Amino acid sequence: MRHTIIAAGLTMIAGVAQAQTPVLTVYTYDSFNTEWGPGPAVEAAFEDICGCDLQFVTAGDGAALLSRLRLEGARSDADIVLGLDTNLTAAAVETGLIAEHGLMAEGLSLPVAWEDMHFLPYDWGYFAFVHRTDLADVPTSFEVLAASDVSIVVQDPRSSTPGLGLLLWVQNAYGDRAAEIWEGLSDNIVTVTPGWSESYDLFLEGEADMVLSYTTSPAYHLIAEEDDGFTAAAFDEGHYMQIEVAGVLANSDQPELARDFLTFMLSGAFQSVIPTTNWMYPAALPASEWPEGFETLIQPETALVYDAEEAAAIRDAALATWQSALSN
Amino acid sequence: MDWAGAALAALVCLALLGPLLAVMLRAEAPGRLGAADWAAIRFTLIQAVLSAAVSVTLAIPVARALARRRFVGRSLFVTLTGAPFILPVIVAVLGLLAIFGRAGWLNAALSGIGLGTLDIYGLSGVVLAHVFLNLPLAVRLILQAWLSLPSERIRLAASLGFSGADMRRHFERPLLREVLPGAALVIFLICTTSFAVALTLGGGPRATTVELAIYQAFRFEFDLGRAALLGLVQVAICLAAGLIALRAARVEPMGAGLDRPPLSWPGDGLRARITDGAAIVGAGAFLLLPLAAVIGEGALAIWSLPESVWWAAGRSILVAVASSALSVALALPIALFAARGRGRGAVELVGFLSIAISPLVVGTGLFIIIYPIADPVALSLPITGLVNALVALPFLLRALVPAARAAETTQGRLADALGMRGVSRLRLAILPRLRRPLGFGGGLAAAFSMGDLGVIALFSAPSQSTLPLEMYRLMGAYRTDDAQGAAVLLLVLSLGLFWIFDRGGRVNAAA
Amino acid sequence: MLRLENTVTRWGDFVLSADLSVARGERVALLGASGSGKSSLLSLIAGFQRPDEGRILIDGRDMTDTTVAGRPLSILFQDGNLFPHLSVFQNVALGVRPDLRLAPSDTQRVESALEKVGLAGMGARAPSELSGGQQSRVALARMLLRDRPLVLLDEPFAALDPGLRSEMLGLMADLCDEAGLTLVMASHDLRDAERLCDRLILLSEGAVVLDMALADALRDPPEILKPWT
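Protein chains in written order, with numbering that gives the first Met the number 0: chain A, 0 to 327; chain B, 0 to 510; chain C, 0 to 228.
These are calculated hints, taken from the structure and not from any lab test.
Small disclaimer: the values here were computed from a predicted structure and weren't measured.
Ideal placement from N, C-alpha and C gives every residue a C-beta, glycine not left out.
Treat the hints loosely; a few may be bogus.
[To be verified] Covered by chain A, per the in silico footprint, the following chain B stretches (three or more residues, Cβ under 8 Å):
| no. | stretch |
| --- | --- |
| 1 | 97 to 104 |
| 2 | 318 to 325 |
| 3 | 471 to 480 |
[What the hints assert, rightly or not] The following label-pair restraints were derived from C-beta to C-beta distances:
| no. | chain 1 | residue 1 | chain 2 | residue 2 | range |
| --- | --- | --- | --- | --- | --- |
| 4 | A | Gly50 | B | Ser303 | 36 to 44 Å |
| 5 | C | Gly131 | B | Gly313 | 37 to 45 Å |
| 6 | C | Asp173 | B | Arg152 | 39 to 47 Å |
| 7 | A | Tyr173 | B | Arg172 | 55 to 63 Å |
| 8 | B | Gly268 | A | Asp148 | 30 to 38 Å |
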């Protein structure tokens with residue numbers, strides 16, 4: 000008799016637990032969920048419609064995020080991983096931790112086609128060298144830059160996402176000539192920093208003429224600081240794209256809710272937050288709906304990008320080229 | 000009490016080596032070192048040797064000057080010039096660049112008088128930054144040795160009419176021979192785990208350190224085997240250097256007083272006065288100008304910092320105080336154990352290990368260990384406190400062991416004769432003698448943990464950010480002004496905490 | 000009372016050998032040059048050092064392996080007899096309770112001990128506020144309270160000026176008479192010994208070279224004692 004009562008009690012508790020608000024755990028990079036990042040607005044907007052509790056868990060940057068998922072493995076609490084870019088997605092899929100999303104990617108405004116079965120994009124940008132508008136003789140390509148004495152500060156591809164982007168940019172634009180370009184650039188590079196933050200800070204402090212960042216960076220200075228003294232240099236060979244994506248974890252205990260989130264991610268409520276919090280282009284919002292100021296940004300003629308498999312295949316060789324070209 | 004000390008020493012070893020083991024076991028394949036790794040090991044050793052050599056060499060005249068000069072504000076000078084050692088690395092780098100960078104004060108001055116510009120990026124920049132961070136430690140260690148010379152012997156030398164050369168021969172050279180190897184070793188070990196400094200100022204992949212190679216193995220290749228192997232290399236470097244130093248070096252106590260009544264120094268003259276003045280002014284400018292630059296750029300921004308920064312500062316203070324308490328609780332039994340002459344080598348080794356082992360390996364290893372049991376993110380603040388308590392441990396031991404040994408021989412003898420035992424013996428007879436080193440060491444632990452960005456970045460939970468992490472986030476969100484304000488706050492809080500602990504140890508101290 | 004049975008103790012090259020007995024109530028002066036082994040012998044008796052050979056008996060009981068605190072004795076050192084961070088009162092009170100948890104009656108006893116050594120009303124002061132002679136009195140007051148039958152003095156008054164030293168030796172003699180204490184005192188001054196002791200042991204290079212009644216030694220000094228007279 001007593002056992003029955005206990006069993007009934009347990010069933011009830013379990014029932015209550017299930018009736019409680021479901022929790023959707025989103026793993027993302029650190030800067031996504033800060034006071035001034037997209038996190039708070041996204042959380043509020045999704046919780047309004049999902050009847051759930053959205054919780055962010057953060058780890059460093061995109062690459063740290065992937066390492067974290069690998070360390071946790073199949074036992075991870077994550078339902079969604081948000082913040083990998085296309086240079087990391089192949090490695091992520093390879094772990095077997097990511098499920099196919101099974102959604103139609105509708106309304107995307109990316110300059111390239113999107114056919115990934117595992118991930119959906121939420122924002123994107125072009126890597127570019129940002130400089131102050133008073134810089135004379137702004138280089139128009141890597142070759143011109145290498146021949147000039149314009150100084151740049153860049154990031155290490157081993158520890159930074161934009162750093163890896165630059166590596167693939169040069170590789171994509173120049174192929175076998177990449178080593179030659181890097182050797183030419185070596186006397187322009189003031190230093191290589193571990194992350195974007197250090198680089199950008201050195202640039203603002205006047206340590207270099209240009210910094211590796213995004214074409215959208217000047218928008219921050221224009222919109223948030225009302226300072227139109229910054230712009231990005233347009234390169235003739237085109238600009239490499241960073242596309243930031245999200246996917247559902249194969250072991251998610253809320254697969255339905257997770258898919259709802261991906262759908263929400265491509266909706267206006269999410270997309271309209273991105274430009275002035277993450278300072279990137281939204282992936283599913285027509286240019287006409289971008290905030291005022293974004294129209295002043297340079298528009299590269301050519302968008303360069305490797306697809307996920309190519310990026311993964313070429314990465315190690317490109318790194319070796321970079322390392323030896325800059326170590327001499 | 001002895002078993003407690005020995006057990007704690009073993010526990011600390013476990014806390015340092017356990018994570019390394021965890022990473023190794025988790026690896027899918029055994030790691031292999033490539034040519035790039037060997038290059039990284041070579042660069043790490045070269046820059047660490049240079050940094051250590053330059054730091055101690057520059058420290059010699061500064062310590063000599065501070066040992067024999069009395070001037071107004073000397074004690075403030077000693078405190079402030081100690082600051083770079085407890086400074087968060089990123090703040091230090093920003094301050095250095097404000098002075099020595101391409102757009103820094105020095106180059107502005109040089110080009111103003113038509114002398115061209117100076118480029119610090121490269122090996123020279125790495126060494127410059129390491130010297131900036133570690134010169135205070137070197138000065139403190141050598142100064143301590145100077146002050147441990149009995150005043151009577153200096154008076155004797157004066158009565159015998161010693162010249163400056165005689166003083167160097169009979170006092171300074173033997174003293175340096177004893178203290179330099181130990182001081183150089185500690186700084187060498189600190190520099191072997193350099194990461195952000197080496198990369199930011201190193202100018203490119205040439206300046207790849209072992210710690211960066213570990214970082215790469217973790218996040219670029221997810222090759223845990225290689226990461227663990229590189230971690231082992233660090234341990235091996237530490238053991239090898241430690242064994243050499245244990246033979247050559249005298250362990251110089253830290254945390255004792257840095258003052259003594261004025262003496263008339265034999266061989267003093269105008270030349271000595273000028274040399275000392277130059278050493279003090281030079282060291283002061285080198286160590287204090289970058290701090291002034293950091294404060295100058297950010298002081299005004301403090302008042303407009305976002306609220307989250309203040310919360311983060313509050314959390315950081317809590318973690319720092321807890322970390323300090325923990326490191327004292329760990330160090331005290333170990334020091335008392337070592338003070339009775341047992342396990343000295345082992346205790347020294349524990350100290351070296353916690354300086355030389357990669358914070359990244361420890362952090363990741365702890366994550367692997369904790370993850371199956373509990374949520375590491377929920378534990379991020381306690382873990383930050385724990386790891387920094389371990390980092391501060393060697394300095395705390397260095398301060399405590401000699402003091403505990405002295406307390407044992409004087410107070411301990413009397414206490415034994417009076418039949419004082421256990422807790423009351425510790426509380427009434429020994430502890431009062433240890434207040435100074437405890438305050439000093441506790442302050443170091445607090446300051447270290449205040450500025451730590453290594454462990455917390457691995458475990459960070461959005462709602463539990465610490466001040467350095469918050470500062471880094473501000474930098475990452477283009478908010479440079481706020482970040483500079485946060486840097487000043489961080490500088491003031493780190494120094495302030497250290498100062499309060501250090502002072503606390505001196506009030507009524509039975510020195 | 001005290002018996003050292005063929006003890007041999009080594010400190011590196013220095014070897015101390017002793018075989019001697021001290022009767023209850025006897026007051027022994029250990030005389031010898033610096034390095035002759037006076038302090039070493041005292042620290043052996045006190046229990047800071049364990050002999051390598053032989054036994055130490057106190058009141059007939061083997062105390063070779065007993066800790067300092069376990070032996071029925073008090074010792075006063077050359078210096079460092081007081082804790083500088085504790086008050087005069089607390090320093091004396093350690094003689095009653097080493098953990099300083101004092102009952103009201105204990106407080107009374109401390110006060111009266113202070114009175115006895117002429118320090119009434121000075122309990123609240125710090126040792127550093129007292130003169131050298133007064134500091135010695137504090138140590139004596141504590142010794143009284145500990146009430147151990149055997150007292151070891153390792154030249155505790157050596158740093159005092161002659162007048163003060165003689166005064167302290169007198170006070171010590173009175174206290175010994177009153178409580179019937181057994182005393183072993185290290186000294187390098189025969190006149191000091193004369194004030195307090197009745198037996199003389201001369202040490203040289205770690206061995207006893209003379210052991211006789213002090214009065215006899217003074218009346219008719221043996222050749223070996225000549226340098227000391």
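Consistency of the hints with the structure:
Taking a C-beta to C-beta cut-off of 8 Å, the stretch 97 to 104 of chain B contributes 4 residues in contact with chain A, enough for the three needed, and the coverage statement holds. Against chain A, the stretch 318 to 325 of chain B contributes 0 residues with a C-beta closer than 8 Å to a partner C-beta. That does not satisfy the three-residue criterion, and the hint is violated. With a cut-off of 8 Å between beta carbons, the stretch 471 to 480 of chain B has 8 residues touching chain A; three or more are needed, and the interface restraint holds. For the hinted restraint 36 to 44 Å between A:Gly50 and B:Ser303, the CB-CB distance of approximately 39 Å keeps it satisfied.
Checking the proposed 37 to 45 Å range against C:Gly131 and B:Gly313 shows it is violated: the Cβ atoms sit about 52 Å from each other. Evaluation of the 39 to 47 Å hint for C:Asp173 and B:Arg152 yields a pass: the beta carbon distance comes to about 42 Å. Restraint check, A:Tyr173 to B:Arg172: a C-beta distance of roughly 59 Å satisfies the suggested window 55 to 63 Å. The hinted range of 30 to 38 Å is not satisfied by B:Gly268 and A:Asp148, whose Cβ atoms lie roughly 51 Å apart.
Of the numbered hints stated above, those contradicted by the structure are hints 2, 5 and 8, listed in ascending order.
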